[in-house]
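Novice: This is what each chain is made of:
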Amino acid sequence: MSDELYDELILDHYESPYHRGQLEAASCSHTERNPLCGDRVELQLQVDSERRIQQAYFDGEGCAISQAAASILCEHIEGKTMEEIEEFAASEMLDLLQVRLTATRQRCGLLGFKALKTLVYSEDDSTGTSP
Amino acid sequence: MSDELYDELILDHYESPYHRGQLEAASCSHTERNPLCGDRVELQLQVDSERRIQQAYFDGEGCAISQAAASILCEHIEGKTMEEIEEFAASEMLDLLQVRLTATRQRCGLLGFKALKTLVYSEDDSTGTSP
Amino acid sequence: MESIRSDFPILGQPLADGTPLVYLDSASSAQKPRVVIDALSECYETYYANAHRGVYQFGVKIDEAVEGARERIARMIGAERPEEVIFTSGTTMSINLVAQAWGRSRLSEGDEVLVNEMEHHANLVPWQQVTRQTGATLRHIPLTGDGRLDLERLDECLSSRTRLVAVTGMSNVLGTINPIDRLTEAARAVGALVLVDGAQSVPHAAVDVSNPQVDFLAFSGHKLYGPSGVGVLYGRREWLEQMDPFLCGGNMISEVGMTESTWAELPAKFEAGTLPVAQAIALGTAVDYVNGVGFDEIGRIEQALLAEAQQRLSEIPDLLIHGPSVEHKGAIVSFSDERVHPHDMAELLKRKGVAVRAGHHCTMLLHSLLGVVATTRASFAPYNDSSDIDVLVDGIQYARKTLRRD
Amino acid sequence: MESIRSDFPILGQPLADGTPLVYLDSASSAQKPRVVIDALSECYETYYANAHRGVYQFGVKIDEAVEGARERIARMIGAERPEEVIFTSGTTMSINLVAQAWGRSRLSEGDEVLVNEMEHHANLVPWQQVTRQTGATLRHIPLTGDGRLDLERLDECLSSRTRLVAVTGMSNVLGTINPIDRLTEAARAVGALVLVDGAQSVPHAAVDVSNPQVDFLAFSGHKLYGPSGVGVLYGRREWLEQMDPFLCGGNMISEVGMTESTWAELPAKFEAGTLPVAQAIALGTAVDYVNGVGFDEIGRIEQALLAEAQQRLSEIPDLLIHGPSVEHKGAIVSFSDERVHPHDMAELLKRKGVAVRAGHHCTMLLHSLLGVVATTRASFAPYNDSSDIDVLVDGIQYARKTLRRD
Ligand SMILES: Cc1ncc(COP(=O)(O)O)c(C=O)c1O
Ligand SMILES: Cc1ncc(COP(=O)(O)O)c(C=O)c1O
Chain A
0 MSDELYDELI LDHYESPYHR GQLEAASCSH TERNPLCGDR VELQLQVDSE
50 RRIQQAYFDG EGCAISQAAA SILCEHIEGK TMEEIEEFAA SEMLDLLQVR
100 LTATRQRCGL LGFKALKTLV YSEDDSTGTS P
Chain B
0 MSDELYDELI LDHYESPYHR GQLEAASCSH TERNPLCGDR VELQLQVDSE
50 RRIQQAYFDG EGCAISQAAA SILCEHIEGK TMEEIEEFAA SEMLDLLQVR
100 LTATRQRCGL LGFKALKTLV YSEDDSTGTS P
Chain C
0 MESIRSDFPI LGQPLADGTP LVYLDSASSA QKPRVVIDAL SECYETYYAN
50 AHRGVYQFGV KIDEAVEGAR ERIARMIGAE RPEEVIFTSG TTMSINLVAQ
100 AWGRSRLSEG DEVLVNEMEH HANLVPWQQV TRQTGATLRH IPLTGDGRLD
150 LERLDECLSS RTRLVAVTGM SNVLGTINPI DRLTEAARAV GALVLVDGAQ
200 SVPHAAVDVS NPQVDFLAFS GHKLYGPSGV GVLYGRREWL EQMDPFLCGG
250 NMISEVGMTE STWAELPAKF EAGTLPVAQA IALGTAVDYV NGVGFDEIGR
300 IEQALLAEAQ QRLSEIPDLL IHGPSVEHKG AIVSFSDERV HPHDMAELLK
350 RKGVAVRAGH HCTMLLHSLL GVVATTRASF APYNDSSDID VLVDGIQYAR
400 KTLRRD
Chain D
0 MESIRSDFPI LGQPLADGTP LVYLDSASSA QKPRVVIDAL SECYETYYAN
50 AHRGVYQFGV KIDEAVEGAR ERIARMIGAE RPEEVIFTSG TTMSINLVAQ
100 AWGRSRLSEG DEVLVNEMEH HANLVPWQQV TRQTGATLRH IPLTGDGRLD
150 LERLDECLSS RTRLVAVTGM SNVLGTINPI DRLTEAARAV GALVLVDGAQ
200 SVPHAAVDVS NPQVDFLAFS GHKLYGPSGV GVLYGRREWL EQMDPFLCGG
250 NMISEVGMTE STWAELPAKF EAGTLPVAQA IALGTAVDYV NGVGFDEIGR
300 IEQALLAEAQ QRLSEIPDLL IHGPSVEHKG AIVSFSDERV HPHDMAELLK
350 RKGVAVRAGH HCTMLLHSLL GVVATTRASF APYNDSSDID VLVDGIQYAR
400 KTLRRD
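Protein chains in written order, with numbering that gives the first Met the number 0: chain A, 0 to 130; chain B, 0 to 130; chain C, 0 to 405; chain D, 0 to 405.
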């Protein structure tokens, strides 16, 4: 884990984000904001009938951390099932970033993750499959 | 002026107050309290038609300073006219005590004086002689 | 004991007139150990910044220091979560916050708030104010002759109309320690909340807000060996979340529109504006200090001093000690000397280097009940010792002699 | 200039990573000169006690110290009497006090309170709250394109319904200095009162509440080189006397009955509970310090820094400085770098030892108007110098390079 906040992984994703834009085929999407710093991440998922994420896209604006983290997240979750996502913990998300974030910056790093979790729970709500 | 708060004058007046008690012939009286420390001084005056103080009595309870000061005040004002009392300043009252009081204890030392001033002003109010 | 005393710089210095200081006014405000004073200087000299979201180097450090203090305070009082600890300017502010942010919107005609006559004005006047504002009724638990809550009459004071019992953990005049367990139980039974004014009790004995479970606990840093200008409101998360903010401004806001705003999460919702940053951090240091000494040790020292002071003063003729016997109280001895008025007493004790307090100690109702307008109060902390009591007793004799009343 | 800088211990120390500190966040909270830090230690080490009526030896000394501080503060702002200076916990508390203790009982439907979009949340949300509580209306003076009050439209905002104009002396984001003389004149003409939020303006320029005459002035100690945890509300005696108290508790009481109480005189009526004793005293020391440097000198240094910073930053491509030109503002430069997000900017500047603040700076309305959610703010104090600006400019280039946006 690097102490260097803006390391290569973050910078690469910030510069050339993975799946940034609008996903036409999205089956669900959710936007999270951090009103304090103005970061915004909209996460869009295409989930198939087996509850597997076929495609993940994000859109938004904000600091390098929030945007790069959203990009890294999209790359990470494609192909996973919603069951797997339910198990996916904030600490794992932070590990994926490969940098050590202060409490304040963790909010940036977890913005996309928060959107993802909201989608998981709202999906459960609507289908009523949650235990 | 003594720095010794409880000097002979104060102690003498505290031990053997001048005119402590109720004045039957009082033409006016007023009570002042210091709610913070519970000092109470009731000042009673017999004022003649020339507005001269014939007799001054006090009653009350409280610390040595407040009670001795009331006693010293009564002794001082007898024989004076209300006009003279109007000129009588707080600083003169404090000088009479012959001790140096802190701001807090000045409230004690001036309790009788405050009652006196109230009587002067209310007399003016009722007779309408004030300019 | 010497080691505790030597932790407090002010106690090592003679007064201006050369007499040693005998500080018996800790119930009003405690003195500060070296570590607390140093924590303030260190903060201002090496990492001071405004708290919250400073991303610069010590901007992070100061946030961590403030949140670290919050966590230690939460742990000390047994709070489930740090965000149940709100930094305020003191007990007075903490109680006003509850009275207004909880009471004003929740109380209405027919509702009752239960207080009692031993309460400090800080835990009385805010309730007078909010009951008047809302049309609710203020009721009083009667006191026994020796200055305790009359628990036999508790039931007649409580009913389904009771919304809150506001009670001090320890009386700042009588020293009475109130049975918070009995009160919470009785309040719970009628569905009322309990607010404990811990200004006096928190510095003297371990407290656990979960046992007996209280809803609000207010206390001041300056009585807990911490700096002036900071205090705490503990509130159960459930209630704090339902309450609207008290002060409005920066930090307690989530989003602001032209005419309306939405509130931030706990604890920010109740911490509008710049926090008393350095003071909150140094209060954390004070908590560490107190934990280091240990509440067991504090209790042991204080109860020994109390027993001795109570015994020695009770041997002085024409001197009346107010309040219950030592088993029911903490280290406070308030008395009336029939020969010397409290103000003269304090003034004359001062010549002997003794710092006591004379007055109504912000408990006018209690003083009406005691039938006196003012009392003289000596209060003890672990930095006091037997020799302080000797000087006090000699001082009382000296006062009587000076006023020629011996 | 070196002499001013050397008065501040924190500025003499390198940061944890060895870089020198470039502190450009004084608008958030100023650093403290040695004399202020020492005033706190001296108080706690030699004469600390609770204020008010302690008759023991340093009980008197502490009262004199607190009242001495009050007098010096009163003199600094031109208050007629010391009791018009109320000690609070900060600007936020001061403004909430006025909103509730003055506004809540005096405003009603049809009344208007006039604010504007550059106000800090502390001078906005309390007015949102009290107008909602009372049914009064909140109105906004429009801003000009460069971030000043649009005085041409002032008349249409003011009417006999206007009860109060609440305005900041200086914007904490744009730096805009508002024309208090014009505003008081216009307010007076329609019978409205004027409250000035002096959090930013008081530390930067001499203020005289009698000319132009304002009704309330709020400011914070921590931005005036004083300790955290203390602030001031100046109020014209006339108004303060008519107002009911805000917080209730000890000290603000004259007499307490079972269900009602009467209030003490000024300033005690608004100072419930234990004062931030040490902080009030040290704020007095800060005032002495500022007077020693002199507001003329402070203004001269700050305006020179501002002019230089504004010039240097305006030469950087794709960087937008918000707010008016330097003649209309104080030593604050907030900017948007089109290539680097404010949070990244602050984070990357931090590596170069530069402390700036990124965010909405508690002015969300203003940021909506600016069309950005966050800005980066550099603010200057007399302890800054040209070399700080060099490091800032280099830092901005470094941030762009690191994010590969140069
Ligand atoms: C213009 C303005 N008003 C009010 C405040 C609030 O001051 P405090 O947080 O000290 O209460 C600030 C500072 O944050 C400010 O800049
Ligand atoms: C029992 C009690 N409650 C409340 C207070 C008020 O505390 P503060 O003045 O620190 O707000 C005090 C102390 O004065 C107290 O003794």
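Think of the hints as simulated: they come from the structure by calculation, not from any bench.
Where hints are given, some of them may not hold.
The calculated lysine to any residue pairs, modelled on SDA-like cross-linking and capped at a C-alpha distance of 25 Å, are [claimed, not checked]: (1) Lys400/C / Arg299/C; (2) Lys79/B / Leu8/B; (3) Lys400/D / Gly59/A; (4) Lys79/A / Thr101/A; (5) Lys351/C / Lys351/D; (6) Lys400/D / Glu91/A; (7) Lys351/D / Thr101/A; (8) Lys79/A / Glu91/A; (9) Lys60/D / Ala24/B; (10) Lys113/A / His75/A.
Novice: Going through the numbered hints above, which ones does this structure break? Give me the numbers in ascending order.
Specialist: Numbers 1, 4, 5, 6, 9, in rising order.
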